[in-house]
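Engineer: This is what each chain is made of:
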Amino acid sequence: MLRLLLPFLLLAAAIAATVLSDRPQPPADFTFINRGDVTTLDLQKMSWMQDLRVARCLFEGLVRHDIFSPDYDLKPAVAERWNVSPDGLTYTFHLRPDAKWSNGHPVTAHDFVYSWRRALLPDTASDYTALFQKIAGAKEFFDWRSARLADFRPDPGDESRPLHDTAAWRLWLETERRFADTVALAAPDERTLTFTLALPFPPILELCSFAVFYPVYPPLVRQYERPDRRSGRLDIQFGWTKPPLIVSNGPFQLVTWRFRRDMRLERNPHYWNPAAIAIDSIAIPSIEDPNAAVLAFRSGAADWLSDVTAPYRADILADKLRFYAEHQPDYDALRAQGLDPVEIDRRLPPDPRAHVHAFPAFGTYFYNFNCLPRLQDGRPNPFADPRVRRAFAMTMDKERIVSQVRRVGERVASTLIPPGSLAGYRSPRGLPFDPPAARELLARAGFPGGKGFITVELLFNKDAGHDLIAQSVAKDWETHLGVSVQLVTRELAVFKDDLKNQNFMISRAAWFGDYGDPTTFLDLNRRDDGNNDRKYADDDFEALMNAADREPDADARSELLSRAEEIIVERDLPLIPIFHYVQMCMFDPHKLTGISSHPRQEQNMYEIDLFGDGKGRDEPKFIGGSTE
Amino acid sequence: MLTIIARRLAQLPIILAVIYSLTLLLAWKIPGNPLENPEGRKPPPAVVEAMKRQYNLDSFPSFYLSYLNNATGLKWLGDRLSGRAAESRRLAEAAGQAPPTRYIFDLGPSLKNPDWRVNQIIADSLPVSMTLGLAAILIALVVGLGAGVVGAIRPNSFADLATLVVALVGISLPSFVIGTALVLIFPVWLGVGSIGGWGRLGNLVLPAITLSLPFAAYIARLTRMGMVEHLKADFIRTARAKGLPESKILLKHALKNAFLPVLSYLGPALALAMTGSFVVERVFFVPGMGQHFVNAVLNKDLFLIMGVVLIFATMLILFNLAVDVLYRWVDPRID
Numbered sequence: 001m002l003r004l005l006l007p008f009l010l011l012a013a014a015i016a017a018t019v020l021s022d023r024p025q026p027p028a029d030f031t032f033i034n035r036g037d038v039t040t041l042d043l044q045k046m047s048w049m050q051d052l053r054v055a056r057c058l059f060e061g062l063v064r065h066d067i068f069s070p071d072y073d074l075k076p077a078v079a080e081r082w083n084v085s086p087d088g089l090t091y092t093f094h095l096r097p098d099a100k101w102s103n104g105h106p107v108t109a110h111d112f113v114y115s116w117r118r119a120l121l122p123d124t125a126s127d128y129t130a131l132f133q134k135i136a137g138a139k140e141f142f143d144w145r146s147a148r149l150a151d152f153r154p155d156p157g158d159e160s161r162p163l164h165d166t167a168a169w170r171l172w173l174e175t176e177r178r179f180a181d182t183v184a185l186a187a188p189d190e191r192t193l194t195f196t197l198a199l200p201f202p203p204i205l206e207l208c209s210f211a212v213f214y215p216v217y218p219p220l221v222r223q224y225e226r227p228d229r230r231s232g233r234l235d236i237q238f239g240w241t242k243p244p245l246i247v248s249n250g251p252f253q254l255v256t257w258r259f260r261r262d263m264r265l266e267r268n269p270h271y272w273n274p275a276a277i278a279i280d281s282i283a284i285p286s287i288e289d290p291n292a293a294v295l296a297f298r299s300g301a302a303d304w305l306s307d308v309t310a311p312y313r314a315d316i317l318a319d320k321l322r323f324y325a326e327h328q329p330d331y332d333a334l335r336a337q338g339l340d341p342v343e344i345d346r347r348l349p350p351d352p353r354a355h356v357h358a359f360p361a362f363g364t365y366f367y368n369f370n371c372l373p374r375l376q377d378g379r380p381n382p383f384a385d386p387r388v389r390r391a392f393a394m395t396m397d398k399e400r401i402v403s404q405v406r407r408v409g410e411r412v413a414s415t416l417i418p419p420g421s422l423a424g425y426r427s428p429r430g431l432p433f434d435p436p437a438a439r440e441l442l443a444r445a446g447f448p449g450g451k452g453f454i455t456v457e458l459l460f461n462k463d464a465g466h467d468l469i470a471q472s473v474a475k476d477w478e479t480h481l482g483v484s485v486q487l488v489t490r491e492l493a494v495f496k497d498d499l500k501n502q503n504f505m506i507s508r509a510a511w512f513g514d515y516g517d518p519t520t521f522l523d524l525n526r527r528d529d530g531n532n533d534r535k536y537a538d539d540d541f542e543a544l545m546n547a548a549d550r551e552p553d554a555d556a557r558s559e560l561l562s563r564a565e566e567i568i569v570e571r572d573l574p575l576i577p578i579f580h581y582v583q584m585c586m587f588d589p590h591k592l593t594g595i596s597s598h599p600r601q602e603q604n605m606y607e608i609d610l611f612g613d614g615k616g617r618d619e620p621k622f623i624g625g626s627t628e
Numbered sequence: 629m630l631t632i633i634a635r636r637l638a639q640l641p642i643i644l645a646v647i648y649s650l651t652l653l654l655a656w657k658i659p660g661n662p663l664e665n666p667e668g669r670k671p672p673p674a675v676v677e678a679m680k681r682q683y684n685l686d687s688f689p690s691f692y693l694s695y696l697n698n699a700t701g702l703k704w705l706g707d708r709l710s711g712r713a714a715e716s717r718r719l720a721e722a723a724g725q726a727p728p729t730r731y732i733f734d735l736g737p738s739l740k741n742p743d744w745r746v747n748q749i750i751a752d753s754l755p756v757s758m759t760l761g762l763a764a765i766l767i768a769l770v771v772g773l774g775a776g777v778v779g780a781i782r783p784n785s786f787a788d789l790a791t792l793v794v795a796l797v798g799i800s801l802p803s804f805v806i807g808t809a810l811v812l813i814f815p816v817w818l819g820v821g822s823i824g825g826w827g828r829l830g831n832l833v834l835p836a837i838t839l840s841l842p843f844a845a846y847i848a849r850l851t852r853m854g855m856v857e858h859l860k861a862d863f864i865r866t867a868r869a870k871g872l873p874e875s876k877i878l879l880k881h882a883l884k885n886a887f888l889p890v891l892s893y894l895g896p897a898l899a900l901a902m903t904g905s906f907v908v909e910r911v912f913f914v915p916g917m918g919q920h921f922v923n924a925v926l927n928k929d930l931f932l933i934m935g936v937v938l939i940f941a942t943m944l945i946l947f948n949l950a951v952d953v954l955y956r957w958v959d960p961r962i963d
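Protein sequence lines, in the order shown, are assigned to chains A and B.
Residues 1 to 628 (this note's numbering) make up the first sequence, in order.
Residues 629 to 963 (this note's numbering) make up the second sequence, in order.
Be a bit skeptical, because a hint or two may be false.
Said to hold, decoys possible - From chain B, some residues computed to sit far from chain A (all C-beta separations above 12 Å): (1) S687; (2) R708; (3) V794; (4) L812; (5) G825; (6) A836; (7) R849; (8) F863; (9) R868.
Said to hold, decoys possible - No more than 30 Å apart at the CA atoms, straight line, and that leaves these computed lysine-lysine pairs for DSS-like: (10) A:K535 to B:K884; (11) A:K500 to B:K680; (12) B:K657 to A:K500; (13) A:K134 to B:K680; (14) A:K320 to A:K100; (15) B:K870 to B:K884; (16) B:K870 to A:K462; (17) A:K462 to B:K884; (18) A:K496 to B:K870; (19) A:K75 to A:K100; (20) B:K657 to A:K535.
Hints were generated in silico from the structure; no laboratory data involved.
Predicted model only: the values in this text are computed from it and were never measured.
All residues carry an ideal CB built from backbone N, CA and C; glycine is no exception.
Isolated chain B, as found in the complex (with noise of 0.2 Å):
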């Protein structure tokens, strides 16, 4: 077991190599000028040039080794042996300054928003988006399995049929339709709940049930199949002749090893949730991280951009990860 962990984790840093390379490479080709406002005044060619420069945004190869210095702590960690950081932070205090701000893992500027560092702006929206999302998948596990559960019981029965209907939809209707509908209904009409925001209990329902149902629905079709097999498989029938309480059947045996696929599925699914989804975040006006994979493109905002996309990464690696360590520990019979 160890040695998985151990190699997976060797493999991550290769695997975010690559994506960054391809990241950055495509993001380059993005046209437009990220340091230019589209409404404003043109700033003068002169002080377009500095900004570049200060940057690096003039030239490829220097943005992609400076990012890569920054990102991945090297920077931090050579300060800190060869003591420019000391002596900085001295010099700073001397001159009464206020020491600069140093992060391990230095994401960069945003160009967007100058006042914001990238690092910041992470650590402002992900535990928002990873709430959301954790609320989310959870609600498409009780709903899902439960689903799932019912629907295999009694295959091709109303409730099965009914549970079939919901999941389509679930998974066919886009979530800013579902979200929009349930802003109406629950908050718009009914005066339930509230309409957005963040900070209060209230705020996480109506985003989570619209983040959740895709992921409820692809649960419930997930279980049903793996129910349906296992419910005609010999260990039930040996387990009926036992005269167990088919709940017991149902729950101890037929679940337990239908939830083996649904458990793979988690690792993505919790990754893809808890990063933010756009369409979401921006029905419900949630503070979290999905807005800045779209707002960042558009805007050619290159720190964020590579930020959120390295954050993204690492997550989906560590939660795949975390599901096969886990699979292994539901699931004896794999090593």
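In isolation and in its complexed conformation, chain A is listed as follows (with noise of 0.2 Å):
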């Protein structure tokens, strides 16, 4: 009988075990559910949104933006001042003087010079390099290293010498030497950071407040850092970014990464500002699936959810509208004061059902269209003809979508970028939904009716409802133009494989807003961007764009900007604007605030206050509330 219990015993005692050696951590001030895992914490290396949002609490740049004010102005961060030349091109900043890493030491021009010549060398291979290249000599750095790299041959004997010995070394010096010399970019004392652009980019300044800009600890990463001796490539070890090892200047520090189970940030006991902070304890646990998400903050295991990307979201959305149908006359009034919808939910009575919030976010849901003359199969192309493509534009019925398909009150988009989230930046009209001419069009380009048209193959991956959309638009293109429509369905991997192989006639799309400027949506129909999916290529719209960069005159280069942008949309269409995104997310306007409505989505968890909990100033932050 003992020979039969012994495995149970076994089981048991193996289980009690390890559930025994894994204590939980205590509750945080506030848990958070996160779009998805942090990929890395690298900062120069990010572009993921979830890691953006974790640097922007672990780190902090030369600039910030107050995520509560209409315009989105820009405030000091570790900069406490900064100035313009007045021919736009130099920017000199000065850090405040108490800016402190999380070890106590203080945060110093050269370790800016430090980070943005690691964004800058081909070694990193930072999604954002480009960016960087704006500084003058920059562009030709990289050129530079990647073509030092491509020519690369060890000296013989190299692999047994120390590596101060080697050429990989040598050539490394060489790389420090010349990007002092060239990139305009430079610490003149330890708190002072310059640098000269090649061309006036406006946005230059905002880009300081994007995570990519923000510093590492040299003294930390330098030692995970070595040039490889068979490639001459700087050798980027793991294991920096990690706790205990990772130092950073931000409002908060990391305490605990476990791989897909959790994160715990807490305060930095030396950031400068802890006055600006009302909570001690960030905890982030990893949670994958949409329904899970939903109900783990449902039961109160998470206080705010960033995304709500479960199926059913619209019928979540639409109890938020019984909600507010309940309270009509309050709900009217509230509105009719303007006020922001955050602020209009806290002051409506507490309700499960207004916890969901839909805000409109920097973001463009669209269809790609193929430009180049021929076809992968070597077919003729008629989406070459941009009537063609202004035909299948105007009988897209947009309306449908939004309302039948998506039903989570997102906007029909005409334009790329979003109407009204670049402050002083003019929205050209777009194209409306006109069967009727859209047939003339077709006619005109030699398809009367869609007579001898191919059959047209609409590329989507199977995730996230882009079936059901493409159903709709299939549907209206038949109807409208007499075309058929065959709806080619890939598996992710395969369908960006077939997007960047140009191997399709019309693809769904989506681009998200990284900057403020018209420039980080426009840029994908420039001729040479990596992001040209659709091989556009146009001579006015590169003149325009062209112009804008070397306009200082920020009004005058915004006009040129808007003036690209008509062309995208009502002239050439190499691409069809859809919707424009909505954020959902799940938090309790009653219980906490620092959740902005900003269409920019860019959400600091520095900036939450958790009301009556004895932290903080417990007073309700919502655009058009009090300022700092």
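Put the complex together from the two separate chains, hints included.
Structural biologist: Listed below in structure tokens is the structure:
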């Protein structure tokens, strides 16, 4: 009998041992579910929204956005003040003396030079290296280093020699000298950072609030970088981004990071502005499943769910509308005051149905046209003709997609850049829904009534309801243009490959702006841009973009960019804007404040203040409310 | 016995080598580029080329060999013996740098999560999956054996039919349905238990039950079949004739024999349960290893794919071996 029981006892003992050895963390002041797991905390390598969000808690740049100001004003951060030369080319930042790393050492201008140099080294493979190349000499430096790495040959015997005596090391020393000599980025002293641009680029100032431009701690990171003997490339070792090693200069420091399990942030004791922070700890459990995330929020396991992507999210939002309907008079009165939506919710009675929020976001859903003269299989491409593209754009019933397919209150898009998201930018009107005019266009392009038109292939990846949108669009085109449409579903990786190789006629796409300037969207259409999947190339558009690049006057530049967008959305239509995204999140406005409804949707966890916890000012923060 | 163990252990590297070659060939053919973020800006082509060179992703043979060299511990051994390891540590310390981390079996970096080595990822997630798997198998054994015995004592009775229905449900209903239903019923509607996560004993219960059901169902059917067969056997009649109490006959004589097929099923079942279930981990957000099987393939994270596949294969082989040994111990008739 003992022989039979033994396996059971062994199993039970093993379970007890592992459970006991794994102690959970104490609850944090604020718990939120991020839109995905953090992939990296190496600032210069980042590009995912969830990474950038955590980075803004852990690190701090020269400036930061006031996310509760209508115009998204820039505020001093590590830099206490800055000035720009009259030609708009040279920027000088004066760093505050009390900015400190989490180990108590001061943040210096040299830290920024070191970090920005990392972004400019091809070795780092930074996604955003092109943004740093706005600095004079930076592109040349990048190209030089790339070329040297491509030609690199180690000396015979380098494998066994000390590193400091190898060709790789000598190339590295030369690279450091070259950077200092050619790139117009310098730290004249510990507290002054200065750089000069090749061409005026006003958004560079706000890019300094973008996490990729934040500093890493050089004495730590340098220990993990060394030239590789064989390739000459700077080998970047892993390890420093995790506790207990990681050193950061933001309001919080990282205490725990367990892969796909959780992260825990605690107050950085050396942060220069502790009075601005109203919570002591942040927990970020890893919950990938959209449905599990909603359930976790509803059961109280999280205070904020950054992205609601569950398939039934439209129903959650419909519940909120019913809640509004029950309080119609109060709701209308608050709306009439022009209040921020979050503040309206806070002034209405508490109700779990009001915990969901849909804010307009800085992103657009659109369809790409392949603009090359021939399709990948060699057939002539009818979509190379802008008239055909316009005809297809004008027969898409976007209203139906928004109101019947998506159902989360998104705005129909006729422009690429969400109107109203950029202060002072005039959005073009775009094309209307006009089937008769579209048929006329198609006839003039040689396809009267859609006769002779090849079967249109509409490519999309199978996730996230793209199929429903495609079905709706296909029906429109078949009805209004008389063409036949075939839906082509691909798994995401294959879909990406097809896009890259222009193996499509029409494909779904989306873009979220990285920084507050029209170029963050318009650059997608530049001839040589890496994200120009459409292979669109137009001289008028390029000319306007180039003119904007050279225009020092902000208003004149904005107007040039507006005209460039006009070409995209009214004349050439390399893409059809369909709708501007909303960002759906969940939190209880009666419990906490600090989530902004601004369309740029850059949420900063260090703004969070929980009501009635004895920490912070407990004063609601919202756009149009009292400012700092 | 020892020769059997030795022979099976000697086969292990050969089986693993075959699995490695086949899996790598398939994984290599997965479309997509793991070095690109599908959501973000594309890095310049020069950058992508440089990264491909760094990870040996530009040539299949060199990737094949370098991974083998690192993962088998040959590189570690070579570095130790030649003194390269000591030398590089000395140089790093002299230059004020962190000494390079060395794993004996270095499974490489995760392409999708550059801050993590595959070794760390598996070290973090495998214990979680193992705990969950052990708990699930324990539940499955208790429930399955119980149901099997009850069913066998009174074949075609109401109790037997009931266990049959439960077993059918356990096998046929996918775990995302059962898991979601359990979450809805207990934490959401009744407010009992936790909705997911990891680290507390309470977190273990619902996912373990969900994971255990298919195993429990199979064990129940195996036990019932064995019991029905053995209860008709001569040695049971002898036992009854001796006047042994019925409980002793059932447990000591019949169940002991009926347990043998269950035991041989336990090997693969344990390996399967302990390397994690993608679905159960997703529904209950358990930070286990099952998610990596799917995510790694979707991301074409070559190193992670190879890492989890090799770990799973090793566990499968070792558990089968352990079960064979146990089998001989429980049933001395077999040699």
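Engineer: Give a verdict on every hint.
Structural biologist: Here is how each hint holds up against the structure:
{"no.": "1", "hint": "S687", "verdict": "holds, 14 Å"}
{"no.": "2", "hint": "R708", "verdict": "holds, 16 Å"}
{"no.": "3", "hint": "V794", "verdict": "holds, 21 Å"}
{"no.": "4", "hint": "L812", "verdict": "violated, 8 Å"}
{"no.": "5", "hint": "G825", "verdict": "violated, 6 Å"}
{"no.": "6", "hint": "A836", "verdict": "violated, 9 Å"}
{"no.": "7", "hint": "R849", "verdict": "holds, 19 Å"}
{"no.": "8", "hint": "F863", "verdict": "holds, 17 Å"}
{"no.": "9", "hint": "R868", "verdict": "holds, 19 Å"}
{"no.": "10", "hint": "A:K535 to B:K884", "verdict": "violated, 72 Å"}
{"no.": "11", "hint": "A:K500 to B:K680", "verdict": "holds, 17 Å"}
{"no.": "12", "hint": "B:K657 to A:K500", "verdict": "holds, 17 Å"}
{"no.": "13", "hint": "A:K134 to B:K680", "verdict": "holds, 26 Å"}
{"no.": "14", "hint": "A:K320 to A:K100", "verdict": "violated, 44 Å"}
{"no.": "15", "hint": "B:K870 to B:K884", "verdict": "holds, 18 Å"}
{"no.": "16", "hint": "B:K870 to A:K462", "verdict": "violated, 68 Å"}
{"no.": "17", "hint": "A:K462 to B:K884", "verdict": "violated, 51 Å"}
{"no.": "18", "hint": "A:K496 to B:K870", "verdict": "violated, 75 Å"}
{"no.": "19", "hint": "A:K75 to A:K100", "verdict": "holds, 18 Å"}
{"no.": "20", "hint": "B:K657 to A:K535", "verdict": "holds, 27 Å"}
Of the hints listed earlier, those the structure fails to meet are numbers 4, 5, 6, 10, 14, 16, 17 and 18, in rising order.
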